[in-house]
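Number of protein chains: 2
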Amino acid sequence: MNPPRDPSQARPRVLIVGGGFAGLACARALRRARAEVVLVDRQNHHVFQPLLYQVATAALSPANIAAPVRGVLSRQRNCMVAMGEAERSDADACEAVINGRRVRYDYLVLAAGMRNGYFGHPEWEAHAPGLKSLNDALEIRRRILTRFEAAEFEDDDEARRAELTFVVIGGGPTGVEMAGAIQEIAALSIPRDFRRVDMRSARVVLIDSNERVLRGFHEDLSARAQRDLERMGVEVILGCRVVGLSDREVVLRRKADGECQTIASRCAIWAAGLKAESIGASLGAEADRAGRVIVEPDLSVPGHPNVFVVGDQMSDRDPETGEATPGVAQGAIQSGDFVGRLIAAELKGKAQSDRGAFRYHDKGSMATIGRARAVAEIGGMRVAGFPAWLLWSVVHILFLVGFRNKLAAISEWVWMYVSWSRGARLITGTPPRPPPPSEAEADRVY
Amino acid sequence: MNPPRDPSQARPRVLIVGGGFAGLACARALRRARAEVVLVDRQNHHVFQPLLYQVATAALSPANIAAPVRGVLSRQRNCMVAMGEAERSDADACEAVINGRRVRYDYLVLAAGMRNGYFGHPEWEAHAPGLKSLNDALEIRRRILTRFEAAEFEDDDEARRAELTFVVIGGGPTGVEMAGAIQEIAALSIPRDFRRVDMRSARVVLIDSNERVLRGFHEDLSARAQRDLERMGVEVILGCRVVGLSDREVVLRRKADGECQTIASRCAIWAAGLKAESIGASLGAEADRAGRVIVEPDLSVPGHPNVFVVGDQMSDRDPETGEATPGVAQGAIQSGDFVGRLIAAELKGKAQSDRGAFRYHDKGSMATIGRARAVAEIGGMRVAGFPAWLLWSVVHILFLVGFRNKLAAISEWVWMYVSWSRGARLITGTPPRPPPPSEAEADRVY
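Note that the protein sequences, when read in sequence, are chains D and X.
Going by the numbering used here, the first residue of the first sequence is number 1, and it counts up by one from there.
Going by the numbering used here, the first residue of the second sequence is number 447, and it counts up by one from there.
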């Protein structure tokens with residue numbers, strides 16, 4: 001990680017940390033700028049995050065929803081891509097530390113996003129992985145599929161029920177999508193593959209601390225989503241907070257009356273909380289509770305006009321409404337694009353007495369629930385059921401990176417729709433050793 | 447892992463260990479038998495091994511060449527699939543130990559295959575992974591792609607040459623295919639994605655201890671394959687044995703004169719030696735040097751007529767020619783099918799004074815070298831170049847498991863052929879932390 005700095009080369013360097021929606025949009029907005037754009041990401045690929053849950057639930061392969069960042073920016077000659085970990089940044093010295101090496105910049109754009117936050121319980125991560133990267137998705141896929149394998153040969157009723165209980169924590173779009181997809185796997189995709197246990201008996205529980213799922217949507221759509229989930233067989237538990245988590249159980253406390261309940265489960269998935277990547281904190285700027293850097297209206301960091309924070313990692317306020325940009329793909333793309341254009345204009349030497357303020361334009365939001373079920377909100381319009389699902393499919397295909405990925409994803413979806421099966425039911429990665437048998441079991445011959 | 451054994455149920459149990467070509471063929475041959483067939487594999491998926499190198503070289507995704515074993519056998523109602531590790535087998539007691547649990551059988555079919563063998567140097571495995579599973583393939587892909595990433599920002603000429611030197615050890619079909627594919631990645635697929643280093647300068651070295659590559663083929667085809675590889679830019683070193691291996695270099699000794707040479711390389715791949723999975727040894731039967739169990743003409747283990755070994759794990763002799771069945775897909779399929787039919791006939795109560803002997807029918811062999819280059823040997827016919835490559839593609843598509851996988855693989859190949867790019871260039875898995883910078887580097891600002 002050492003982009004060389006030739007002093008004779010007069011191009012100012014724009015260092016972008018993060019190759020997600022925000023970082024890519026920023027790099028692309030700088031495509032005609034007379035600058036040396038350096039984009040750093042710890043992975044070599046851009047992930048289309050809205051479809052990550054489909055990799056976790058074995059519908060798509062990693063390559064269907066991800067593309068090498070280098071490939072995406074291959075034609076942008078002023079942009080260099082580096083794979084590495086941006087550890088911290090010293091805004092006064094205009095230097096960032098990447099893989100232990102100090103890298104100078106003229107402009108810094110932090111677009112490193114969020115990772116899973118466990119509300120002060122980092123030990124929960126081992127028992128309930130979240131869904132932020134391809135590795136996360138493959139790990140969650142491994143865990144889900146492994147539970148069905150174990151259940152098939154579990155003779156104890158209680159233990160088998162725990163093997164077949166899946167708890168999704170967090171009722172936002174990711175949680176709703178995960179819960180619906182796991183229910184579909186158990187009820188539709190795999191029953192005919194097993195001989196001893198009816199996998200349709202699996203229990204999928206969706207938990208949220210609010211009184212409704214999809215809090216970001218209109219109440220009608222929340223109700224519709226909940227009804228659809230329940231019709232599919234998902235159990236929705238609202239108004240409860242997780243207070244305990246192990247590889248054996250999830251403990252909930254009802255917010256209203258403090259009553260606790262324990263769900264025996266061998267597989268929990270975290271879709272509840274996020275916190276900002278730590279590089280933002282090294283700026284020394286003020287941050288909100290989730291670690292997002294509080295930015296000026298132009299998305300720069302107070303006191304450092306050449307340092308910007310975009311995407312999920314920023315905490316902004318709309319100058320008129322006072323509302324924060326939501327942590328969705330559109331917010332990331334729009335803020336990245338805004339800063340990229342702003343820097344491009346400055347580099348052209350345009351007067352910058354007023355940089356203007358970033359304003360988020362809500363183009364709508366949607367969440368899919370299952371086969372031919374979704375909810376969508378576009379402008380004032382609210383759609384649910386099959387039309388929403390069709391809309392969801394079209395929009396996600398349109399925005400999926402790369403011609404090749406679009407075709408591949410479409411063909412997987414069509415195949416899944418007509419065959420009711422999921423193509424990517426592969427368990428990869430290194431599983432923990434199964435526990436040794438008890439003494440009684442060791443004596444028994446099966 | 448406890449298929450229950452109901453004494454009232456009279457069906458004899460056939461326990462098959464391994465869901466590769468041999469195990470699957472055996473299970474399928476038993477589809478009409480009045481038996482309880484139990485197939486155990488440590489993975490949940492069958493891998494189409496001949497295309498594994500394409501996953502390692504980022505052309506295909508795991509789901510393109512693998513299918514869940516359960517799905518493949520979903521319609522065979524007399525067959526139960528279990529995911530687990532078969533640790534050992536006691537042929538006298540008719541019991542095998544699977545995940546620590548004792549499982550009884552009436553017939554046992556070992557089809558566990560081979561793993562990478564390092565000729566008494568197990569410590570080499572960390573520096574030169576072999577290619578036997580999807581996890582292996584993803585690990586090799588990660589290593590190859592990571593070297594290009596590191597080379598892009600390596601300023602020291604010597605270190606960069608080591609980053610860009612790929613050593614493939616073993617000149618059989620897998621080694622030839624790997625070397626050709628890595629050369630194509632460096633020369634064709636990725637150069638336009640990098641800014642600082644010309645990846646076409648990468649050096650791919652193929653090493654074999656024999657005097658020619660593809661020893662199993664006719665000499666003319668060996669020569670042709672070597673010429674094709676060299677034209678593509680691969681360096682072929684013959685008659686040399688590896689005597690040292692680390693993450694920094696590969697040391698070779700020429701067999702003819704004992705002269706040593708050292709190749710500085712950060713990425714070596716093992717395609718040289720295999721040894722049989724250890725469960726065969728627990729039978730107490732005689733084994734050959736690679737650990738393959740020496741079997742009777744009917745593929746049973748001497749002294750245990752109800753225990754068979756098939757596929758790569760067996761060491762057989764053709765009753766007429768005295769030749770051993772080669773460790774290829776056809777050998778595995780034919781031997782698995784032979785034993786499956788034999789057991790099915792016995793279960794029908796047919797007279798078994800003579801079980802007959804297994805005879806391998808060579809349907810030909812082929813190896814691909816690169817874009818539109820391959821060699822093939824079918825009957826007495828020898829083909830090379832584009833016709834052989836077309837033949838290779840057609841045969842591999844025909845035998846690829848599952849309709850869906852065929853379509854997906856065809857579309858990936860067509861795309862790769864027209865676009866010169868590789869779709870699955872994703873680095874997944876957990877990489878080791880990069881080394882910290884030296885003191886000089888830490889002081890330097892890039």
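Take the hints with a grain of salt, since some may be wrong.
[As the list claims (entries may be wrong)] Simulated DEER-style distance windows between Cβ atoms:
1) D:S282 - X:S692: 31 to 41 Å
2) X:R661 - D:S411: 36 to 46 Å
3) X:A770 - D:A159: 23 to 33 Å
Hints were generated in silico from the structure; no laboratory data involved.
We treat Cβ as the ideally placed atom computed from N, Cα and C, and that holds for glycine.
Hints, verified against the model:
Between D:S282 and X:S692 the C-beta distance comes to about 36 Å, which sits within the given range of 31 to 41 Å. As the Cβ distance of X:R661 to D:S411 is approximately 40 Å, the hint placing it in 36 to 46 Å holds. Checking the proposed 23 to 33 Å range against X:A770 and D:A159 shows it is violated: the Cβ atoms sit about 46 Å from each other.
Going through the hint list in order, the structure does not satisfy hint 3, though it satisfies all others.
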